[in-house]
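Kindly produce the complete structure, drawing on both the sequences and the hints.
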Amino acid sequence: MAFDLSLMPSQYNPFEVEPKWQQFWQEQGVYTADPDQPGDPFSMVLPPPNVTGNLHMGHAFTYTLPDVVTRYKRMQGYNVLWVPGTDHASIAVHTVLEKQLKAEGKTRFDLSREEFLTRAWSWKAQSQNNIISQLRRLGLSLDWTRLRFTMDEGLNRSVIEAFVRLYEAGLIYRGEYLVNWCPASRSAVSDIEVDDREVQGSLWHFRYPLAEDPAHYLVVATTRPETMLGDTAVAVHPDDLRYQAWIGKSIRLPIKDRLIPIIADAYVDPSFGSGCVKITPAHDPNDFEIGKRHQLPMINILNEDGSLNENGDPFTGLDRFVARQKIVEWFADHHLLDKVEPYTHTVPYSDRGGVPIEPYLSIQWFCDVSGMAQTCLAAETEQQSPRFVPERWSKVYTGWLEKIRPWCISRQLWWGHQIPAWYVLDAAASPDKTRTDAQAFVVARSEAEAYAQARQQYGEAVQLQRDPDVLDTWFSSGLWPFSTLGWPDPTADFARYYPNTLMSTGFDIIFFWVARMTMMASHLTGQIPFQDVYINGLVRDENGAKMSKTKGNGIDPLDLLDRYGTDALRYALVKEVVGAGQDIRLAYDRKTGNSASVEAARNFANKIWNASRFVLLNLGGQTPAQLGSPDPGALELADRWMLSRLHSTTQAVRQALDSYGLGEGARLLYSLIWDDFCDWYIELVKPRLRQPETSSAQTARQVLAFVLETLQQLLHPWMPHITEEIWQLLTQPPQATSIAQQPYPTAQGSQINPSLEQSFGVVIETIRAIRNLRAEANLNPGQKITTILQTQDPAGQSILQEAQAYIQDLTKSETLRIVEILDSEPKQVAAAVVGTIQVLMPLAGLVDIAALQAKLSKDIHKIEAEIEGITARLSNPNFVDKAPAEVVASNRQQRQELEQQKQILSQRLSKLI
RNA sequence: GGGCGAUUAGCUCAGCGGUAGAGCGCCUGCCUUACAAGCAGGAUGCCAUAGGUUCAAAUCCUAUAUCGCCCACCA
368 MAFDLSLMPS QYNPFEVEPK WQQFWQEQGV YTADPDQPGD PFSMVLPPPN VTGNLHMGHA
428 FTYTLPDVVT RYKRMQGYNV LWVPGTDHAS IAVHTVLEKQ LKAEGKTRFD LSREEFLTRA
488 WSWKAQSQNN IISQLRRLGL SLDWTRLRFT MDEGLNRSVI EAFVRLYEAG LIYRGEYLVN
548 WCPASRSAVS DIEVDDREVQ GSLWHFRYPL AEDPAHYLVV ATTRPETMLG DTAVAVHPDD
608 LRYQAWIGKS IRLPIKDRLI PIIADAYVDP SFGSGCVKIT PAHDPNDFEI GKRHQLPMIN
668 ILNEDGSLNE NGDPFTGLDR FVARQKIVEW FADHHLLDKV EPYTHTVPYS DRGGVPIEPY
728 LSIQWFCDVS GMAQTCLAAE TEQQSPRFVP ERWSKVYTGW LEKIRPWCIS RQLWWGHQIP
788 AWYVLDAAAS PDKTRTDAQA FVVARSEAEA YAQARQQYGE AVQLQRDPDV LDTWFSSGLW
848 PFSTLGWPDP TADFARYYPN TLMSTGFDII FFWVARMTMM ASHLTGQIPF QDVYINGLVR
908 DENGAKMSKT KGNGIDPLDL LDRYGTDALR YALVKEVVGA GQDIRLAYDR KTGNSASVEA
968 ARNFANKIWN ASRFVLLNLG GQTPAQLGSP DPGALELADR WMLSRLHSTT QAVRQALDSY
1028 GLGEGARLLY SLIWDDFCDW YIELVKPRLR QPETSSAQTA RQVLAFVLET LQQLLHPWMP
1088 HITEEIWQLL TQPPQATSIA QQPYPTAQGS QINPSLEQSF GVVIETIRAI RNLRAEANLN
1148 PGQKITTILQ TQDPAGQSIL QEAQAYIQDL TKSETLRIVE ILDSEPKQVA AAVVGTIQVL
1208 MPLAGLVDIA ALQAKLSKDI HKIEAEIEGI TARLSNPNFV DKAPAEVVAS NRQQRQELEQ
1268 QKQILSQRLS KLI
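FYI, our numbering numbers position 59 of the first sequence as 426, with every residue one higher than the one before it.
None of these hints come from the bench; they were simulated from the model.
If you're wondering where the values come from, they're calculated on a predicted model, not measured in any experiment.
Errors might be hidden in some of the hints.
[What the hints assert, rightly or not] Below, a list of computed lysine to any residue pairs in the SDA-like style, where the Cα atoms sit at most 20 Å apart:
| # | residue 1 | residue 2 |
| --- | --- | --- |
| 1 | 770 | 652 |
| 2 | 623 | 563 |
| 3 | 1053 | 994 |
| 4 | 693 | 569 |
| 5 | 1179 | 1050 |
| 6 | 918 | 905 |
| 7 | 1225 | 1264 |
| 8 | 616 | 580 |
| 9 | 616 | 642 |
| 10 | 623 | 684 |
| 11 | 1249 | 1236 |
| 12 | 974 | 1045 |
| 13 | 616 | 591 |
| 14 | 974 | 380 |
| 15 | 913 | 1249 |
| 16 | 623 | 583 |
Rendered as structure tokens:
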């Protein structure tokens, strides 16, 4: 039965093949994990993409890498679970929705919380569908039956449980904190929403008179004069000799006429400015820390909209920037303005509001993570748990844990997990976040539980109001490795797949996410949540710049998928990866939308496709199983060479994959498939297949079938779709099954033959030399020639004899003579040397004597230079004494060979003249 | 200011102790019944600079320069 060619057009079409198998995998549940099945577990959770917008190139990269690992592990027989999901991303979703509201001329405060959340959920539904279909297009082997969302019912239960447990352990508390406040949007913003801009400002130097002696003053400098209204101290360095006498005395604060102390704190840099710093604990993070150290009062002078409050008297009601001017004028008028300098400094701006943010004192919820951090540090330094790949990221992780600070977990937003704390209402007052409040509250898993608790403590008539704030998104993300497995319930998944085997993510979220997961997990589950952390770098644009929305230099992965197919994009991204954690640059032409590197990968796919087409055309419809294994005794030289290459590469690929060498594995297979299999083996086997009835042809078919199937399995982790298609066409499995479920090829040491590979290399070089002579003589491709190979080396003789038919065929030599000694000397001969083999091509009337002469001379010069180098080395006694014997021996042998080559070339040259 | 990467062919990058490799691009021939998204052949490199270790350095060490990232940011 002949192969139906219509199944394989001469160009590979990923757009037909890829959706077909994505659907097949889904329908067959190929990636659905079963905890009851055998096999060592290999488990991962997908870093959940935000439910905002589309997948970008970073996602394509950071998700393809672990997919390669996962597919490898699955084929190795592990019981694999890879859990997909999405993240609710409080801030990002708020940003999107509030932008929509703004277009309608509203703010979220014009809506009820319920109305806002309804909008948020519908946005989420739409966005999640979009993202899921894009993840599917990447061909990721995720278990979709276990899809989670960080705000779904089960995860909400995990979050509430975690909060209550941490609270009950005394690790969650309320406290004062300076948040980044955006006066324009009247909300707190996170650090990542703060955009540092360099601005040309001024540094104002104010004189602060001493209380007991107004004639003397200290000079303090500030970039924000209005904050002086909230000053509660002036600080100097404790060792600063200039101010020793002042420490402990008081300043009479101008305008406010308030007495504030002069304190000593090592934070102050004596060499900067006057060495005196005004301290405004309620409006500056550093001052806040100093204020706490010295128990200074914290005076908030601002309203939520950035105007001055009653503490800002006499400027109450003025905008902060208007007040700034007034205050500067006041100091100037009172001869207390020492000087004004132009000053360039960075000012934090709100991404959302586009105005400078204010550090703003408020009551927030905190998590004391210091104990967890210590546990994680000990695990990392003592047991390398988790193990970072590459290892250098471990330092980033431990460095952050070492200087850990309390984690502010409350956010003044609506979309997210609402904090499970209820305030006891006394005078029907809502909780006031701007002052230290002594308001009573209870923390509980539900409102009913909260009331039960409150009634017990405060009597039956008690009324409760839930804290309106939500938790930092990273709080739920921090539970992701175990909340997705059903925690806190003792589920089968949790028992089987926790802790995870691998966490694969970008370096940018080691702090935000990886450390939060290890800390939360260490406390709540008593375990580090994953064994290995594989850190990937960035995908940079064609100029090496980081892709970002603001720069607008992103490259849309969907465009590249549409143009080249999924396998091509996957392969192009992974092939670039060296070791791990290295950034990659993606070639891209912004005008045409072409990407040279993805195109090269697409061409590689097409090459595989056509090689498979050739094999299938020659197998007569038989599968590898039907053809059976070749009789070892029937294997010919090329067969043995191909099998050796296949097995030695298999070994190298497995070694690479075992140490996360994903790019190296990709490159090894490229060369095996394109160079060894296509350029050499298929070409060598063609003459045998022209006589299909012979046993030589049958052996070739058996080897071709076996090698092709093995290649698909080897390559499958990188290019899952095309390998599935070819494998199905080739093996025609009777039942629905996927290549993803086949065992990964194992290398058989008995088939690996280095000396065969080496001597076959001589054959290849000889063929190349003959082809080169043909090309230089400008012979027509069809022109038949006679070739003479001369060598006295017995090993050379024997390999050439064995490969005679190959050489003759691939060089179109009508006659090929292999001799030890040249009998007759033809007149006009093109010549070259391979090792100790002399290659001669009699070409009466066709040889350009002058050109050949020049070429031979050039070769001789090159060899002489090499001989000189080796001779210098060998005549150095230190080298001969100290270098390993085999290195010395190989140098000697090399020199001998080069001398022979030189001799042959010189003879040839002399005969030419 | 502290830390981490990178610097190899025109471009993008491998190699990481025994004197250089790939893909793309370029040049020359080819539509050779698997593939022109291809085949054959070819040209191209003081491996950033300066020291050091070593018999031997693109490869290890130390500085320097340039580029890039992260963290902390002096009122």
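A quick look at each hint next to the structure:
Taking the CA atoms of residue 770 and residue 652, the gap is about 16 Å. The hint holds against a cut of 20 Å. Of the pairs offered as hints, the one joining residue 623 and residue 563 is violated, with about 32 Å between alpha carbons and a cut-off of 20 Å exceeded. For the given pair, residue 1053 sits about 18 Å from residue 994 by alpha-carbon distance, which is consistent with the 20 Å threshold. Between residue 693 and residue 569 the alpha-carbon distance is near 15 Å, which keeps this suggested pair within the 20 Å criterion.
Pair hint residue 1179 plus residue 1050 holds up; C-alpha atoms about 13 Å apart against a cutoff of 20 Å. Of the supplied pair hints, the one linking residue 918 and residue 905 holds, its CA atoms being roughly 16 Å apart against a limit of 20 Å. For a cut-off of 20 Å, the pair hint linking residue 1225 to residue 1264 stands: about 18 Å separates their Cα positions. Under the criterion of a C-alpha separation no larger than 20 Å, the hint pairing residue 616 with residue 580 is consistent with the structure, at around 10 Å.
Between the alpha carbons of residue 616 and residue 642 the distance comes to roughly 16 Å, so the proposed pair stays at or under 20 Å and holds. Proposed proximity of residue 623 and residue 684 is supported: the alpha carbons are some 16 Å apart, at most 20 Å. In summary, the hint linking residue 1249 to residue 1236 is supported, as the alpha carbons are separated by about 18 Å, within the 20 Å threshold. Straight-line distance between C-alpha atoms of residue 974 and residue 1045 comes to about 8 Å, which keeps the hinted pair within the 20 Å bound.
The straight-line distance between the Cα atoms of residue 616 and residue 591 is roughly 25 Å, outside the 20 Å bound, and the hint therefore fails. About 12 Å separates the Cα atoms of residue 974 and residue 380, which keeps this hinted pair within 20 Å; it holds. For the hint linking residue 913 to residue 1249, the alpha-carbon distance of about 49 Å lies beyond 20 Å, and the restraint is violated. With a C-alpha separation of about 18 Å, the suggested pair residue 623 and residue 583 falls inside the 20 Å cut-off, and the hint holds.
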